[in-house]
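As you go down the protein sequences, you meet chains A and U in turn. The numbering used here puts the first sequence at residues 1 to 213. The numbering used here puts the second sequence at residues 1 to 75.
Warning: the hint list may mix true and false statements.
[As the list claims (entries may be wrong)] Derived DMTMM-like pairs (lysine to aspartate or glutamate); straight-line CA-CA distance at most 20 Å: (1) U/K65 <-> U/D26; (2) U/K62 <-> A/D72; (3) U/K62 <-> A/D101.
[Claimed, not checked] A few chain A residues that face chain U, going by a derived Cβ cut-off under 10 Å, partial list only: (4) I71; (5) T74; (6) I104; (7) Q111; (8) L122; (9) I123; (10) Q126; (11) A151; (12) L152; (13) V154.
Since the hints were derived computationally from the structure, they do not count as laboratory data. Just so we're clear, the structure is a prediction, and the values are computed from it rather than from any experiment. C-beta atoms are modelled at their ideal positions from N, C-alpha and C, and glycine is treated no differently.
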Amino acid sequence: MDQLNASREEIKVEILSAGKSGIFGVGTEKAVIQVERLSPMPELEEDAHNKKNVAEVAGEILETLLDLMDIDATTMPESLQTTNGEEQVTPPLAFNIQGEDLGILIGRRGQTLAALQYVVRLIINQQMKVWTPVVIDVEGYKQRRSESLQALAVRMAEQVRIKGEPFTLEPMPAYERRIIHLALTDHPDVITESTGEGDARKVVILPDQGSQS
Amino acid sequence: MRDLVEYIAKSIVNAPDDVQVTEEEDEQGIILKLQVADDDKGRVIGKQGRIAEAMRTLIRVKAAKAGTRATLEIV
Numbered sequence: 001m002d003q004l005n006a007s008r009e010e011i012k013v014e015i016l017s018a019g020k021s022g023i024f025g026v027g028t029e030k031a032v033i034q035v036e037r038l039s040p041m042p043e044l045e046e047d048a049h050n051k052k053n054v055a056e057v058a059g060e061i062l063e064t065l066l067d068l069m070d071i072d073a074t075t076m077p078e079s080l081q082t083t084n085g086e087e088q089v090t091p092p093l094a095f096n097i098q099g100e101d102l103g104i105l106i107g108r109r110g111q112t113l114a115a116l117q118y119v120v121r122l123i124i125n126q127q128m129k130v131w132t133p134v135v136i137d138v139e140g141y142k143q144r145r146s147e148s149l150q151a152l153a154v155r156m157a158e159q160v161r162i163k164g165e166p167f168t169l170e171p172m173p174a175y176e177r178r179i180i181h182l183a184l185t186d187h188p189d190v191i192t193e194s195t196g197e198g199d200a201r202k203v204v205i206l207p208d209q210g211s212q213s
Numbered sequence: 001m002r003d004l005v006e007y008i009a010k011s012i013v014n015a016p017d018d019v020q021v022t023e024e025e026d027e028q029g030i031i032l033k034l035q036v037a038d039d040d041k042g043r044v045i046g047k048q049g050r051i052a053e054a055m056r057t058l059i060r061v062k063a064a065k066a067g068t069r070a071t072l073e074i075v
């Protein structure tokens, strides 16, 4: 669907082989499908309108959740600027939650915040039948974390360059590892890799042996 | 505590009318039992239990605010 830039309603999907989703993701097998576009590309205007609705719904979902969690806070929609000039086809919906004592909402290493964001995405997905990237931040936590991770990446890359030895960072969630990878993509002297599984997955910064183009 | 689980579960399943949450309390804290239609089990558990785990994380926040503990079971 992403490839066609079409929503679920605009295409016809023919299942050639069902594949296996496997319960709990075990024994997953890719399904083979044939996708056909049914209607012409949607008008931009219509798209923008749809986006607005999703934003409203997302805001309501988030507020309902916070309310049910007995969190006293204000949610503010934000326009998110892309960092590092990375490619971003659809700008994600972004919300910043503001209030007192919201550390509880961030959790250890941002775990609670990640869970909140995930649940909001799931609900939107089910209600609007579109997968919408929603980014939720608490008191600018992610922004600050992102800046300190970028600084850390640059500092450690310098160490790796000087010592010529790989350096392994502490385990991080996927979006934090992504920040490290992105911060060092254009670094001339080092490359980055992720190792380990699940919660223990971490970024390794290695000296570039010169073969990389 | 029940309403939080109920809201999330009803919002992510295909058969919201079949969602039932019961709440019990013992010396350990609150035990929430979530029941959904068989076809919806995967939707509240998720791959590697990711959805259930996210719900537990959010419940923990609410429980902590109330000075108690809460566990979520999917039955």
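Here is how each hint holds up against the structure:
A threshold of 20 Å between alpha carbons decides the hint, and for U/K65 with U/D26 the separation of about 18 Å falls inside it, so the pair holds. About 12 Å separates the Cα atoms of U/K62 and A/D72, which keeps this hinted pair within 20 Å; it holds. Distance hint between U/K62 and A/D101 is fulfilled; the C-alpha atoms sit about 14 Å from each other, no more than 20 Å. Restraint check, A/I71 versus chain U: the minimum CB separation of about 7 Å is within 10 Å; hint holds.
The criterion of a C-beta within 10 Å of any C-beta in chain U is not met by A/T74, whose closest approach is roughly 17 Å, and the hint is violated. Against a cut-off of 10 Å between C-beta atoms, the interface hint on A/I104 holds, since the closest Cβ of chain U lies about 6 Å away. Using the Cβ-Cβ criterion of 10 Å, the hint placing A/Q111 at the interface with chain U is satisfied: the shortest such distance is roughly 6 Å. Because the closest C-beta pair between A/L122 and chain U is about 5 Å apart, less than 10 Å, the hint holds.
Hint status for A/I123: holds, given a least beta-carbon distance of 4 Å to chain U, under 10 Å. Because the beta carbon of A/Q126 sits about 5 Å from the nearest beta carbon in chain U, less than 10 Å, this interface hint is met. Violation of the interface hint for A/A151 is found here, the shortest Cβ-Cβ separation to chain U being roughly 28 Å, above the 10 Å cut-off. The beta carbon of A/L152 comes no nearer than 26 Å to any beta carbon in chain U, farther than 10 Å, and the hint placing it at the interface is violated.
Nearest Cβ of chain U to the Cβ of A/V154: about 32 Å, over the 10 Å cut. The hint is violated.
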